[in-house]
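> Each chain, letter by letter, is given below.
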Amino acid sequence: MVFLARGGQGAKSATEILAQAGVLEGKFVKAFPDFGPERSGAPIKTYLRISQKEIRTSEPIKNPDVLVVLDETILKSDEILKNIISNKDGIILINSKKSPREIISKTTGLNGKIYTIDASGLAMKIIGKPNPNVVILGYLIKITEIVKISNVIKVFEGIFNEKIGEELTKKNILAMEKAYDSI
Amino acid sequence: MTNKIYKVKAMTGGTAAAEFLRQAEPDVMAVYPITPQTPIVETFAKMKANGKVLTEIIQVESEHSAMSAAIGASAGGVRSVTATSSQGLALMHEMLYIASGLRLPVFMYVSARALSAPINIHGEHGDVMGSRDAGWIQIFSENAQEVYDNSFIAMKLSERVKIPAMVIMDGFHTSHTVERMNVQDDKTTKKFLGDYKPEKSLFDFKDPTSFGFLALQNSYFDFKIEQAEAFKEALAEYKKITSEFKITFGKSYDYFEKYKLEGAEYAIVIAGSASGTAKEAVDKLRSQGKKVGLLKIKLFRPFPYDNLAQALKSMKGIAVLDRAISLGAYPPIYSDVVNALRSADCGLPVSSYIYGLGGSDILQDEIENVFEDLIKWKFSKEIKYLK
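Protein sequence lines, in the order shown, are assigned to chains A and C. The opening position of the first sequence corresponds to residue 42 in the numbering used here, with each subsequent residue numbered one higher. The opening position of the second sequence corresponds to residue -18 in the numbering used here, with each subsequent residue numbered one higher.
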């Protein structure tokens, strides 16, 4: 999987949460950002491999099975897209109010089955903050079944109860579940 | 009996290092922040704040001071550790020689990173290669699991032969990558490491000792020969400690890892995180019937010349991939491999490749192409760049 986002949107946390949930299920994982100086707002890329077998490679992922786009304006950047050959059998999930058809008409070189969800909007409504990552996680798990949502929630609580408090954690999980159930 | 009580966890190389430190619970950790070492100290400081360790954390004003504080603590007779990267390691350079010259088993993580100028915060081995003559044990790690496992071997070895040790992980590629790994249980790890009992200590008032006195023409040379002898001892002790590690934790480690060298005609020698990608290349070419293999460097100082020559001498040709550049000379691992083969009277052709400087990517295709070069007998004296 490749996540495209802007610094501060929680792409790194999202991949790490999925990785931790994968390990809870006895899977092998490797999650790492495309290492650049991390600055709020700058385009970033994170990678995640999940497998039943040991993962040895540390190559960046160039033809992901799943491409997740947390900020659609990134699709305008040739620089960040140029190293991703999108996989025609793959899945592309975009945080956008637009329909998949609208997105395709404006972006060249995107192949695969495209899904869109207004993750920022849903997050704003439920959490009160436009952080799209939890909504995207919920939706992503529903369409890929890569890990169980119960394990993702468990990992999320483990990390965030302490960090942001139980109330906000609950709201985040609610947003994740809403997205999961929206299909 | 082999320890079977371990936990499977998702960790980065950085948090794996902190987890080891929690279990080893050194008396003193001197800290000064630098990327990409940050997750080590950050995670360990949280452990300290949450009361999980009693270690005294000393915040200092530079890496030069961090190493100085670690040296002072070690001379005081306690287990002392630190962690750094790149410019930090460079700033410590003077003190590295003090630690090794005083025969103090200071333990350090290096999240290896490029050196300025130009400024670059990403992974490569240039910083640790700059310290290879400083009298420290150096062990390279491929992934988070090896960072953790190598720590046990390095700390024990360091204390036994009184040589400071650095456990090396690739900056970002290992320090910041979340992976699945096994963490051993606290009791077994503490038993394996044992308590640190220094032979000499500044605080042993019954047997007072001086550290760091003057040694001129009449004795300096002898001190250096003693250190050189200690490195020979370290090579033998490493073998013993890895056997103890196998008995306790059930895992075999050697001076280096041989991957599909059996029946191979062409081999790549490589160290660090790119070894995993190289193993994938080996598997792919093997599936096409090509006789290729890999030797992954782990213990780099002392360098296991004889064993390495034995492992490689039946090849037809070798390529050494260095993630460091020695300006005006062949790169470090290449030079050591050639020396090893030469001292075993083995005249194999060896090519030198440099990859991944400043964190640039190394791809499986590129490694496959190196093997193809070997198979096509394209050897040259020119250093080639994989970029």
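The set of hints was computed from the structure by calculation and includes no laboratory data. Because the structure is a prediction, the values reported are computed rather than measured. Built from N, CA and C at the ideal position, the CB exists for glycine as well. Possibly wrong hints are sitting among the right ones.
[To be verified] Simulated pairs of lysine-lysine, DSSO-like, Cα-Cα distance not exceeding 30 angstroms: (1) Lys211(A) - Lys27(C); (2) Lys(-10)(C) - Lys212(A); (3) Lys103(A) - Lys(-10)(C); (4) Lys219(A) - Lys220(C); (5) Lys(-10)(C) - Lys117(A); (6) Lys211(A) - Lys(-12)(C); (7) Lys171(C) - Lys86(A); (8) Lys103(A) - Lys265(C); (9) Lys68(A) - Lys362(C); (10) Lys29(C) - Lys211(A); (11) Lys94(A) - Lys213(C); (12) Lys205(C) - Lys68(A); (13) Lys220(C) - Lys205(C); (14) Lys103(A) - Lys232(C); (15) Lys265(C) - Lys195(A); (16) Lys33(C) - Lys86(A); (17) Lys(-10)(C) - Lys183(A); (18) Lys138(A) - Lys220(C); (19) Lys33(C) - Lys94(A); (20) Lys33(C) - Lys117(A); (21) Lys368(C) - Lys154(A); (22) Lys(-12)(C) - Lys204(A).
[What the hints assert, rightly or not] Derived, one-sided and incomplete: chain A residues facing chain C with beta-carbon distance under 8 angstroms: (23) Glu66; (24) Ala72; (25) Lys94; (26) Thr157; (27) Tyr221.
> Look at each hint and say if it fits the structure.
Do the hints match the structure? See the list:
no.	hint	result
1	Lys211(A) - Lys27(C)	holds (24 angstroms)
2	Lys(-10)(C) - Lys212(A)	holds (27 angstroms)
3	Lys103(A) - Lys(-10)(C)	holds (27 angstroms)
4	Lys219(A) - Lys220(C)	violated (56 angstroms)
5	Lys(-10)(C) - Lys117(A)	violated (38 angstroms)
6	Lys211(A) - Lys(-12)(C)	holds (28 angstroms)
7	Lys171(C) - Lys86(A)	violated (40 angstroms)
8	Lys103(A) - Lys265(C)	holds (18 angstroms)
9	Lys68(A) - Lys362(C)	violated (44 angstroms)
10	Lys29(C) - Lys211(A)	holds (28 angstroms)
11	Lys94(A) - Lys213(C)	violated (39 angstroms)
12	Lys205(C) - Lys68(A)	violated (50 angstroms)
13	Lys220(C) - Lys205(C)	holds (24 angstroms)
14	Lys103(A) - Lys232(C)	violated (34 angstroms)
15	Lys265(C) - Lys195(A)	violated (38 angstroms)
16	Lys33(C) - Lys86(A)	violated (34 angstroms)
17	Lys(-10)(C) - Lys183(A)	holds (24 angstroms)
18	Lys138(A) - Lys220(C)	violated (61 angstroms)
19	Lys33(C) - Lys94(A)	violated (34 angstroms)
20	Lys33(C) - Lys117(A)	violated (48 angstroms)
21	Lys368(C) - Lys154(A)	violated (33 angstroms)
22	Lys(-12)(C) - Lys204(A)	holds (24 angstroms)
23	Glu66	violated (10 angstroms)
24	Ala72	holds (4 angstroms)
25	Lys94	violated (11 angstroms)
26	Thr157	violated (28 angstroms)
27	Tyr221	violated (22 angstroms)
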